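A.B. asks: Take a look at the letters that make up each chain.
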Amino acid sequence: MSAHADTHAHDDHGHHHKETFVTKYIFSQDHKMIAKQYLITGTIMGVIGVIMSLLFRMQIAWPEEPNVIFEALLGKWAPDGVMDADIYLALVTIHGTIMVFFVLTAGLSGTFSNLLIPLQIGARDMASGFLNMVSYWLFFLSSVVMVISLFVQAGPAAAGWTIYPPLSALPMAQGGSGAGMTLWLVSMAIFIASSLLGSLNYIVTVINLRTKGMSMTRLPLTIWAFFITAVIGVISFPVLLSAALLLIMDRSFGTSFFLSDIFIQGEVLHYQGGSPVLFEHLFWFLGHPEVYIVILPAMGLVSEIMATNSRKPIFGYRAMIASILAIAFLSTIVWGHHMFVSGMNPFLGSVFTFTTLLIAIPSAVKAFNWITTIWKGNLQMNPAMLFSIGFVSTFITGGLTGIILGDSALDINVHDTYFVVAHFHLVMGISALYGMFAGIYHWYPKMYGRMLNKNLGYIHFWVTAVCAYGVFFPMHFIGMAGLPRRYYTNSNFPLFDDVANVNVIITIFALIGGAVQIVYLYNFFISIFYGKKTVQNPWRSTTLEWTAPIKHIHGNWEGEIPHVHRWSYDYSKPGHDDDFVPQHIPLKDGEEELQH
Amino acid sequence: MTALLTIIVLVFILIAIWQMVKIFDLAQAKNGNDIPGVATDKDNTLNGYLMMGFLAFIYVITIICCVKWGDLPLMSNSASEHGPTIDNLMIVSMVIIFFVQTVTQFLLHYFAFKYKGEKGKQALFFADNNKLEAIWTIIPVIVLAGLIIYGLNTWINIMGVDESDDPLVVELYAQQFNWKARYAGADNTLGKANVRLIDIDRANILGLDESDPNAQDDIITTELHLPVGKPVLFKMRSQDVLHSAYMPHFRAQMNCVPGMITQFGFTPTKTTAEMRDTQQMKDKVANINKIRVENSKKLVAKGEDALERYEFDYVLICNKICGKSHYNMQMKIVVETQEEYDAWIKEQKEFKNSLIN
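So the sequences go chain by chain: A and B.
Read left to right, the first sequence gives residues 220 to 815 (our numbering).
Read left to right, the second sequence gives residues 33 to 389 (our numbering).
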């Protein structure tokens with residue numbers, strides 16, 4: 220394996236291939252540059268997604284009230300400043316799509332898998348730099364198509380991010396199901412191609428290009444998480460692609476995969492024999508693993524950051540790997556818990572309840588292992604560490620309510636209410652976002668050679684943390700009052716008048732939480748140019764990326780790639796002067812490598 | 033103008049942040065050994081205390097939510113026979129969740145406070161402990177096994193339709209953006225139907241098969257009336273897109289899927305009048321009306337009509353995104369005594385008499 224890697228070694232470091240501006244910054248095949256491209260694109264998409272959420276939150280809190288912001292941003296969709304009901308659903312839909320796929324899949328996995336896999340396993344680059352470049356540019360293209368879809372005449376896709384047919388299939392059912400939905404599907408098809416290319420590359424790289432001594436059980440947990448995430452992606456994304464293609468056929472070529480017996484706007488449509496429930500199965504066969512595609516990389520980043528900043532080994536390394544594997548396996552056989560009341564056989568519901576609740580076990584193991592990792596540590600409260608602790612906190616809070624939603628009998632009653640919205644935002648939205656922020660604060664010096672301002676980081680974390688709970692904790696309660704999600708206004712149901720004030724509180728927290736992200740964006744973009752210069756290994760970390768030079772070079776290390784002699788968590792190991800021993804340091808005489 | 037204002041505000045915010053950074057940097061006494069951007073002991077201490085503050089915040093927000101909005105209609109005062117079984121399961125799950133949440137959040141934040149870093153302090157090298165791993169694998173296994181068995185029992189009891197009870201068969205028919213109910217009539221058998229048979233001109237709005245003898249006595253209504261204490265079996269249909277028939281007070285929900293018939297059965301246990309008369313509902317309605325009076329004052333001041341007084345009614349809500357007016361797709365449900373129900377159904381037109389020839 221190492222021989223393989225070493226054949227790629229660049230012996231002649233004096234003369235790299237000539238880099239032009241285009242090959243260095245645009246069509247780059249260097250994984251570090253591609254990681255930054257993913258991050259910046261993801262950030263831009265994230266800004267769009269968050270602004271959308273603030274818009275529809277304002278509508279929910281102050282329904283049908285004129286708002287100059289609506290008028291300015293939504294134009295014809297907000298006549299006299301009053302938001303239109305169609306655009307409300309479109310905002311909800313595109314917010315979900317952008318955040319789940321473009322920010323938390325591509326932005327998170329794309330950034331950190333690209334940055335860290337080669338650097339942490341000791342490889343010169345990804346297995347295929349070219350495919351990696353293609354993967355990014357397909358992602359970019361899909362982002363562009365998605366953004367373009369916002370501007371079509373009849374409005375962007377508005378059937379919810381789950382795009383259940385027939386609503387998504389019939390332009391007469393909803394304005395957004397015309398050109399908007401076509402572009403949505405095209406964008407997603409391109410996105411899936413990008414994701415598959417990326418995932419295959421990650422898998423091949425982790426399997427083939429590890430440096431000498433880097434056995435699978437010496438890998439940092441980040442790499443394990445990225446690796447398994449890529450495997451889940453390769454298994455499940457093609458199924459979404461097939462669902463999208465079949466839906467395109469139904470929409471454009473008159474097939475009846477998902478449609479049957481439809482009477483709409485005074486006419487009977489020709490569709491016969493299809494089933495929307497089939498689409499739900501196909502969609503959630505990706506859709507559920509997708510939430511683990513989002514959360515696993517965050518878990519990997521958090522494990523690594525917590526160990527480093529606790530100056531302690533991650534507790535239960537093997538249990539952590541086992542639980543990643545268990546979660547990955549279970550994630551592919553639980554999709555039906557989104558469909559308890561879809562009309563599928565109740566017995567199937569029983570099976571999915573069983574498998575779903577089992578996921579709580581590896582999740583609990585991980586949570587307790589993180590808590591034990593900080594126990595008796597020497598916690599360095601860097602912003603990355605705060606976001607990691609925040610991650611564990613929101614993961615627990617959000618994860619626990621999964622026990623209710625995964626229980627078919629209870630789901631009857633809270634299905635598609637705000638209880639669900641609260642649950643998944645905490646457990647995978649906010650948690651994954653925290654994981655991403657933690658990763659950015661931690662590896663920013665590796666990406667840009669400069670430090671982020673820590674005080675701005677502290678402000679960013681604490682305000683965000685308070686607002687995240689302020690938004691999503693009360694939301695459980697309006698859900699338990701029976702309030703359905705995706706309602707443009709609740710004013711037609713006096714029944715829910717007593718929770719209207721909760722919606723106002725939630726929106727105020729959301730606006731503050733959204734605004735404080737400006738602090739982060741400022742910090743991020745200003746520090747690229749004006750941040751304090753970093754030292755080689757600012758967090759005193761053991762992993763290989765910190766042995767690479769600060770200035771990015773093609774091939775990552777000058778000279779030979781470091782060899783690995785120990786696992787990645789030798790923090791505060793007795794018998795050493797420093798409280799960390801990097802992986803490339805050979806074992807001392809008589810020193811035992813932990814039998815983990 | 034708005035755009036200009038927004039830009040100005042943004043610029044001010046950025047300048048404010050820039051100034052803030054400068055103040056912070058100046059305020060922090062530079063220690064020669066500190067690496068810029070890396071937490072110092074001072075940062076560790078401050079953030080450690082903030083962690084405890086945050087723990088308090090989590091507890092406080094939990095208590096506020098429970099006290100202010102904790103009279104959860106979905107956890108008590110159900111109006112169906114199976115309702116209390118769901119509510120009990122919900123309460124048991126909630127107790128477990130709150131317990132685990134309180135303990136784990138305490139451990140997490142307390143450890144973050146207690147073990148905040150100091151220069152020269154040594155962390156414990158503690159990488160593995162099979163006993164601990166076993167403990168926190170086995171405990172969740174036991175708890176979840178209990179919850180799974182309890183949950184599945186409840187689920188099977190709810191979803192299992194017992195045809196021997198001779199349930200009242202009612203079709204719930206969904207379309208953008210309203211509901212219809214179809215009663216099976218004297219034969220208690222719904223006539224065959226398909227949206228292809230819809231004939232608006234003849235007022236055959238649900239596409240009943242006019243030649244089917246079972247369809248002749250079917251009754252189509254825009255309100256759902258149910259006799260108390262009698263099992264009902266709903267057969268759901270949709271003519272256009274997915275809808276979901278959500279009846280929160282009865283702890284009932286099932287999607288309506290074009291091209292197939294789905295079903296859900298329950299037995300209502302409280303008439304609308306009885307429900308209005310429960311103390312819990314009286315309090316809730318009084319509170320809602322207080323809010324509506326307040327809102328009305330604002331509306332009247334703006335020259336709009338005041339809101340009507342709210343009186344409780346059961347309601348069927350659409351709970352699957354179905355298009356523009358999804359937010360207003362509802363049908364009133366009336367639960368009444370058998371006599372009242374019989375009187376009401378007698379007034380309704382049978383299908384064969386409702387057709388226009």
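Careful, some of the hints might be misleading.
[Unchecked claim] Calculated cross-link-like contacts (lysine to aspartate or glutamate; reagent style EDC-like; alpha-carbon spacing at most 20 Å):
| id | chain 1 | residue 1 | chain 2 | residue 2 |
| --- | --- | --- | --- | --- |
| 1 | B | K334 | B | D345 |
| 2 | B | K381 | B | D219 |
| 3 | B | K364 | A | D716 |
| 4 | B | K153 | A | D797 |
| 5 | B | K356 | A | D303 |
| 6 | B | K212 | A | E283 |
| 7 | B | K322 | B | E340 |
| 8 | B | K329 | A | E284 |
| 9 | A | K752 | B | E242 |
| 10 | A | K792 | A | E777 |
| 11 | B | K356 | A | E811 |
| 12 | B | K384 | B | D233 |
| 13 | B | K330 | A | E284 |
| 14 | B | K100 | A | D716 |
| 15 | B | K153 | A | D798 |
| 16 | B | K329 | A | D797 |
| 17 | B | K356 | B | E343 |
| 18 | B | K262 | B | D198 |
| 19 | A | K752 | B | D66 |
| 20 | B | K224 | B | E242 |
| 21 | B | K356 | A | E283 |
| 22 | B | K267 | B | D233 |
| 23 | B | K334 | A | E284 |
| 24 | B | K153 | B | D57 |
| 25 | B | K330 | A | E283 |
| 26 | B | K151 | A | D796 |
| 27 | B | K356 | A | D796 |
| 28 | B | K316 | A | D716 |
| 29 | A | K792 | B | D160 |
| 30 | A | K595 | B | D160 |
| 31 | A | K751 | B | D66 |
| 32 | A | K595 | B | D219 |
| 33 | B | K146 | B | E242 |
| 34 | B | K151 | A | D798 |
| 35 | B | K54 | B | D66 |
| 36 | B | K334 | A | E283 |
| 37 | A | K595 | B | D73 |
| 38 | B | K267 | B | D244 |
Worth flagging that the hints you see were computed from the coordinates, not collected in a lab.
None of the values given here were measured: they were computed from a predicted structure.
A.B. asks: The structure should be examined with respect to each hint, and the outcome stated for every one.
C.D. replies: Quick rundown of the hints versus the structure:
1. B/K334 with B/D345: With Cα atoms ~29 Å apart, B/K334 and B/D345 exceed 20 Å; violated.
2. B/K381 with B/D219: 15 Å, holds
3. B/K364 with A/D716: Holds, at about 17 Å.
4. B/K153 with A/D797: Given that 20 Å is the threshold and the Cα spacing comes to 12 Å, the pair holds.
5. B/K356 with A/D303: This hinted pair holds, its Cα atoms lying about 9 Å apart.
6. B/K212 with A/E283: 28 Å, violated
7. B/K322 with B/E340: 12 Å, holds
8. B/K329 with A/E284: Distance of about 16 Å is within 20 Å: holds.
9. A/K752 with B/E242: Not satisfied, since the Cα-Cα distance of roughly 82 Å exceeds 20 Å.
10. A/K792 with A/E777: 29 Å, violated
11. B/K356 with A/E811: 67 Å, violated
12. B/K384 with B/D233: Cα-Cα ~15 Å, so holds.
13. B/K330 with A/E284: 13 Å, holds
14. B/K100 with A/D716: Since the Cα atoms of B/K100 and A/D716 sit roughly 14 Å apart, the hinted pair holds (cutoff 20 Å).
15. B/K153 with A/D798: 10 Å, holds
16. B/K329 with A/D797: With a Cα-Cα distance of about 70 Å, the restraint between B/K329 and A/D797 is violated, given a limit of 20 Å.
17. B/K356 with B/E343: Measuring from Cα to Cα gives roughly 27 Å; hence the hint is violated.
18. B/K262 with B/D198: Roughly 9 Å between the alpha carbons, so the hint for B/K262 and B/D198 holds.
19. A/K752 with B/D66: 13 Å, holds
20. B/K224 with B/E242: 9 Å, holds
21. B/K356 with A/E283: Cα-Cα ~14 Å, so holds.
22. B/K267 with B/D233: 26 Å, violated
23. B/K334 with A/E284: 12 Å, holds
24. B/K153 with B/D57: 26 Å, violated
25. B/K330 with A/E283: 15 Å, holds
26. B/K151 with A/D796: With Cα atoms ~14 Å apart, B/K151 and A/D796 stay inside 20 Å; holds.
27. B/K356 with A/D796: 67 Å, violated
28. B/K316 with A/D716: 10 Å, holds
29. A/K792 with B/D160: 13 Å, holds
30. A/K595 with B/D160: 14 Å, holds
31. A/K751 with B/D66: 12 Å, holds
32. A/K595 with B/D219: Given pair A/K595, B/D219 is violated - Cα atoms ~74 Å apart, limit 20 Å.
33. B/K146 with B/E242: 77 Å, violated
34. B/K151 with A/D798: With a Cα-Cα distance of about 11 Å, the restraint between B/K151 and A/D798 holds, given a limit of 20 Å.
35. B/K54 with B/D66: OK: B/K54 and B/D66 at ~18 Å, within 20 Å.
36. B/K334 with A/E283: Cα-Cα ~14 Å, so holds.
37. A/K595 with B/D73: At roughly 16 Å apart (the allowed maximum being 20 Å), B/D73 and A/K595 satisfy the hint.
38. B/K267 with B/D244: Cα-Cα ~18 Å, so holds.
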